[in-house]
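Novice: Sequence:
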Amino acid sequence: MRRSSRHPLYPPGMRQQVFQFFSKVLSQVQHPLLHYLSVHRPVQKLLRLGGTVPGSLTEKEEVQFTSVLCSKIQQDPELLAYILEGKKIIGKKKTARESTAPPKDIAGYRDKDCPHSDALNRDPGLDKEHCGVPALSIHLPAETEGPENGPGESNLITSLLGLCKSKKSRLALKAQENILLLVSVASPAAATYLTQSTSCCMAIAEHLCQLYRSMPACLDPADIATLEGISWRLPSAPSDETAFPGKEALAAFLGWFDYCDHLITEAHTVVADALAKAVAEKLFVETLQPQLLHVSEQSILTSTALLTALLRQLRSPALLQEAMTFLLGTDQRPAAIEDSPHTLGTHLIMHCDHLSDEISIATLRLFEELLQKPHEQAIRSLVLQNLEGRLYVARGSPEPESYEDTLDLEEDPYFTDGFLDSGLQPSTKPPPAPATSSDGKTAVTEIVNSFLCLVPEEAKTSAFLEENGYDTYVHDAYGLFQECSSRVAHWGWPLGPAPLDSHEPERPFFEGRFLQVLFDRIARILDQPYSLNLQVTSVLSRLALFPHPHIHEYLLDPYISLAPGCRSLFSVLVRVIGDLMQRIQRVPQFSGKLLLVRKQLMGQIPREHLDHQTLLQGVVVLEEFCKELAAIAFVKFPPHGPYLNFSPPPEGQV
Numbered sequence: 001m002r003r004s005s006r007h008p009l010y011p012p013g014m015r016q017q018v019f020q021f022f023s024k025v026l027s028q029v030q031h032p033l034l035h036y037l038s039v040h041r042p043v044q045k046l047l048r049l050g051g052t053v054p055g056s057l058t059e060k061e062e063v064q065f066t067s068v069l070c071s072k073i074q075q076d077p078e079l080l081a082y083i084l085e086g087k088k089i090i091g092k093k094k095t096a097r098e099s100t101a102p103p104k105d106i107a108g109y110r111d112k113d114c115p116h117s118d119a120l121n122r123d124p125g126l127d128k129e130h131c132g133v134p135a136l137s138i139h140l141p142a143e144t145e146g147p148e149n150g151p152g153e154s155n156l157i158t159s160l161l162g163l164c165k166s167k168k169s170r171l172a173l174k175a176q177e178n179i180l181l182l183v184s185v186a187s188p189a190a191a192t193y194l195t196q197s198t199s200c201c202m203a204i205a206e207h208l209c210q211l212y213r214s215m216p217a218c219l220d221p222a223d224i225a226t227l228e229g230i231s232w233r234l235p236s237a238p239s240d241e242t243a244f245p246g247k248e249a250l251a252a253f254l255g256w257f258d259y260c261d262h263l264i265t266e267a268h269t270v271v272a273d274a275l276a277k278a279v280a281e282k283l284f285v286e287t288l289q290p291q292l293l294h295v296s297e298q299s300i301l302t303s304t305a306l307l308t309a310l311l312r313q314l315r316s317p318a319l320l321q322e323a324m325t326f327l328l329g330t331d332q333r334p335a336a337i338e339d340s341p342h343t344l345g346t347h348l349i350m351h352c353d354h355l356s357d358e359i360s361i362a363t364l365r366l367f368e369e370l371l372q373k374p375h376e377q378a379i380r381s382l383v384l385q386n387l388e389g390r391l392y393v394a395r396g397s398p399e400p401e402s403y404e405d406t407l408d409l410e411e412d413p414y415f416t417d418g419f420l421d422s423g424l425q426p427s428t429k430p431p432p433a434p435a436t437s438s439d440g441k442t443a444v445t446e447i448v449n450s451f452l453c454l455v456p457e458e459a460k461t462s463a464f465l466e467e468n469g470y471d472t473y474v475h476d477a478y479g480l481f482q483e484c485s486s487r488v489a490h491w492g493w494p495l496g497p498a499p500l501d502s503h504e505p506e507r508p509f510f511e512g513r514f515l516q517v518l519f520d521r522i523a524r525i526l527d528q529p530y531s532l533n534l535q536v537t538s539v540l541s542r543l544a545l546f547p548h549p550h551i552h553e554y555l556l557d558p559y560i561s562l563a564p565g566c567r568s569l570f571s572v573l574v575r576v577i578g579d580l581m582q583r584i585q586r587v588p589q590f591s592g593k594l595l596l597v598r599k600q601l602m603g604q605i606p607r608e609h610l611d612h613q614t615l616l617q618g619v620v621v622l623e624e625f626c627k628e629l630a631a632i633a634f635v636k637f638p639p640h641g642p643y644l645n646f647s648p649p650p651e652g653q654v
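Numbering (UniProt numbering), first residue to last: 1 to 654.
FYI, nobody ran anything at the bench for these hints, they're computed from the structure. Please note: incorrect hints may appear among the correct ones.
[To be verified] Here are the computed lysine-lysine pairs in the PhoX-like style, where the Cα-Cα straight-line distance is at most 25 angstroms:
no. : residue 1 : residue 2
1   : Lys168    : Lys247
2   : Lys174    : Lys45
3   : Lys373    : Lys277
4   : Lys72     : Lys60
5   : Lys60     : Lys167
6   : Lys60     : Lys165
7   : Lys165    : Lys247
8   : Lys167    : Lys277
9   : Lys24     : Lys174
10  : Lys45     : Lys24
11  : Lys45     : Lys60
12  : Lys277    : Lys165
Every value quoted in this text rests on a predicted model; they were computed, and no experiment measured them.
Model the full assembly from the supplied sequences, consistent with the hints where possible.
Specialist: Printed below as a string of structure tokens:
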């Protein structure tokens, strides 16, 4: 007769004593015991009796018990199959044995044949055949292939995952460390067993999705940013930060994702790949993708900000590869302008030009984070595959041997359009680059001056505030360029651009969706909100830092001879300046208002609304962006070349 819940099967405290007894026996006895059926069967039963609900009275003893088991498995990976056997496997194996074994008690027979006294004298492989399941070095039986532990069963994996949810942080942390021991087993056979015969990877990924679903549907991207960088060892939200709804749930989700990333980094390659695919399938595809493609702007905004936070924490190569495939796909062909947006990456690029400025900013941040990951697929899919063949360069005219043979900036017909009727003059040239006898001096100086002279004197304000800022940009650009160069050093990029094909290209040049959106955005810099302009220019600066000759030529060469119908970053900026020249004439006291807006942006005076404020803020961003591009061009084209391995400019000198 089944006892009611008021009359437990065991006296109070008995379970704790049993867990403690087994923990001591298994940890203190030197001779291996877990291979014996009479030992690992009770161990399996103990794991099933363990509380899978947080707050169990035996949590402490269960953690100690599982720690001993994981330690033993770490020492001898072949124990994994003995410990993880569930009731279904045992039942199947028992049925299979009864159909072939003599009519006698199998357990008793094995216990008699596997006494402690002669176990050491027996062949180890034979011993394992007689005392439990077959050794892992042998192909697993058919009945053990595929996850067997269903939702109603409990084994070492489910016990550990249950203990990870403990409200006692020290116990939860210890359980997480035990799983880490389990997935980092050195044996390929044990790792294969863990992935193919248990639901370990899917259970870990499913818990991540449960934590995602426990968060509020709407979260402010600024709130998400306050918790970025949470470690799985300290997953609780910092108490000194401003509270917001869902803070603890968000901290738990980010902490568990960091834990999954750490597991994939430390796990055996077989387990790492399986866990990375499980996280990608359960979290990225099944959970995040519908939110990213949702019609609700709030869903798009929250999911994009969360994905950005996840990318920032992501370190494991296997999961990074899955993230790249999820976001950018596997198609490496150059994009065509008539292509329909059928991939998630294309939809996200379109979100960079969304009607909602908040969604555009959040998505641009996502791509900026993506470009900083140590994986070539991001820059290749977004930019490089469209610059192959240099179709943006005009055919039929020889390439100049040096920049001295090209037109000066003031002779550029695009550049002079805006000055003809305005009466304004282009800005005077800044102090030249450091003197050098190198043949490349003139080229570097002219390139730098081309960007610094784009914005006319009437539209500049930094000089009035005694902060030119160019020195700071040079030194910041140098550090960022060194970091970027070291990240891409092993990608095998060429030092010079590919030679031009003399024949006309079969297809017209298309810069790709990503650069198309960025150029369209920068063309509207005078009409966009200040925060959006900052993010657009930040992404373009990140792109310009990459030490690939085609990227440098297309984004930082003012003198490139463009093919008909093509545009470059510099040509887009020239047209913006031409538009600015016309607008300046229509704004009374333009210079004074511009200086006032700059002081407001710097926090020197209180902010108040002014006429043409969006235009004036756009001019300030434009001036700073041109100085930043000049600094990047300077550090990427040192007088002695090549792109890498150069000394930084002297402090205070450019």
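Novice: Does each hint fit the structure? Answer for all of them.
Specialist: Verification of the hints:
1. Lys168 / Lys247: 19 angstroms, holds
2. Lys174 / Lys45: Cα-Cα ~22 angstroms, so holds.
3. Lys373 / Lys277: 19 angstroms, holds
4. Lys72 / Lys60: 19 angstroms, holds
5. Lys60 / Lys167: 12 angstroms, holds
6. Lys60 / Lys165: 13 angstroms, holds
7. Lys165 / Lys247: 17 angstroms, holds
8. Lys167 / Lys277: 29 angstroms, violated
9. Lys24 / Lys174: 18 angstroms, holds
10. Lys45 / Lys24: Roughly 17 angstroms between the alpha carbons, so the hint for lysine 45 and lysine 24 holds.
11. Lys45 / Lys60: 18 angstroms, holds
12. Lys277 / Lys165: 23 angstroms, holds
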